[in-house]
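Single-letter residue listing:
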Amino acid sequence: GEDVEQSLFLSVREGDSSVINCTYTDSSSTYLYWYKQEPGAGLQLLTYIFSNMDMKQDQRLTVLLNKKDKHLSLRIADTQTGDSAIYFCAEGDRGSTLGRLYFGRGTQLTVWP
Amino acid sequence: DARVTQTPRDKVTEMGQEVTMRCQPILGHNTVFWYRQTMMQGLELLAYFRNRAPLDDSGMPKDRFSAEMPDATLATLKIQPSEPRDSAVYFCASGTGGTQYFGPGTRLLVL
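One line per chain: the protein sequences are A and B, in this order. Residue numbers 3 to 115, in my numbering, belong to the letters of the first sequence in order. Residue numbers 170 to 280, in my numbering, belong to the letters of the second sequence in order.
Hint data in this document are derived by calculation from the structure and do not stem from the laboratory. The reader is advised that the hints may include incorrect statements.
Stated by the list, open to error - Facing chain A, a subset of chain B residues (Cβ under 10 angstroms, in silico):
1) Gln-175
2) Thr-176
3) Ile-195
4) Asn-199
5) Thr-200
6) Tyr-204
7) Tyr-217
8) Leu-224
9) Asp-225
10) Phe-234
11) Thr-265
12) Gly-267
13) Pro-273
14) Arg-276
Claimed, not checked - Residues of chain A placed beyond 10 angstroms of chain B at every Cβ, according to the derived structure:
15) Val-21
16) Gln-46
17) Lys-58
18) Arg-62
19) Leu-63
20) Asp-71
21) Ala-79
22) Gly-84
By construction, the Cβ of each residue, glycine as well, lies at the ideal position given by its N, Cα and C atoms.
Starting from the given sequences, assemble the full structure and let the hints guide the process.
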């Protein structure tokens with residue numbers, strides 16, 4: 003199957019780093035994604051990583067991929083109150099161009115001032 | 170700044186009524202998805218299309234839900250008759266080559 007698992011909640015203090023973790027089952031996934039959902043809004047693409055990479059950095063965001071353990075993480079440096087949102091991990095369909103994604107349940111990140 | 174648009178943004182209706190939700194995908198995107206989000210079930214894929222052809226609608230209750238793409242600029246999701254358990258946020262997303270871009274959603278409340 004294509005199960006994607008995430009912890010449901012994470013709380014951090016403003017200025018600290020946040021690390022959101024995700025595990026997936028399909029080792030043939032080509033892409034892995036992180037989306038952010040703010041209250042009352044749709045899912046916003048944050049970043050993605052190819053399965054042949056092990057790290058990607060984009061400003062305050064760092065994505066780490068451990069293919070052996072099928073583990074993906076999103077690190078947010080210097081977390082701000084505006085980062086409070088639900089973060090979804092998703093894996094792409096196996097090697098196909100159909101574009102179907104399999105989403106986790108989402109991690110609610112709360113940032114305390 | 171190309172975006173997926175959805176209408177209406179909010180809909181309140183009574184049980185038994187027909188509900189139609191519309192989506193305009195980003196121009197040039199050839200894959201369109203419909204999702205439903207609830208607290209209990211999370212994000213569920215209802216149906217998706219590629220080049221306007223339905224690829225998979227196994228996530229939809231067939232007896233009451235239908236999804237179509239009359240043309241490349243419009244996707245519709247209909248519920249007839251609606252039931253209180255259909256209350257949710259319905260998202261449309263479009264993409265090409267894997268990455269999906271989501272619309273703002275239609276918040277549906279069926280009384």
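What are the numbers of the hints the structure violates, in ascending order? 2, 3, 10, 16
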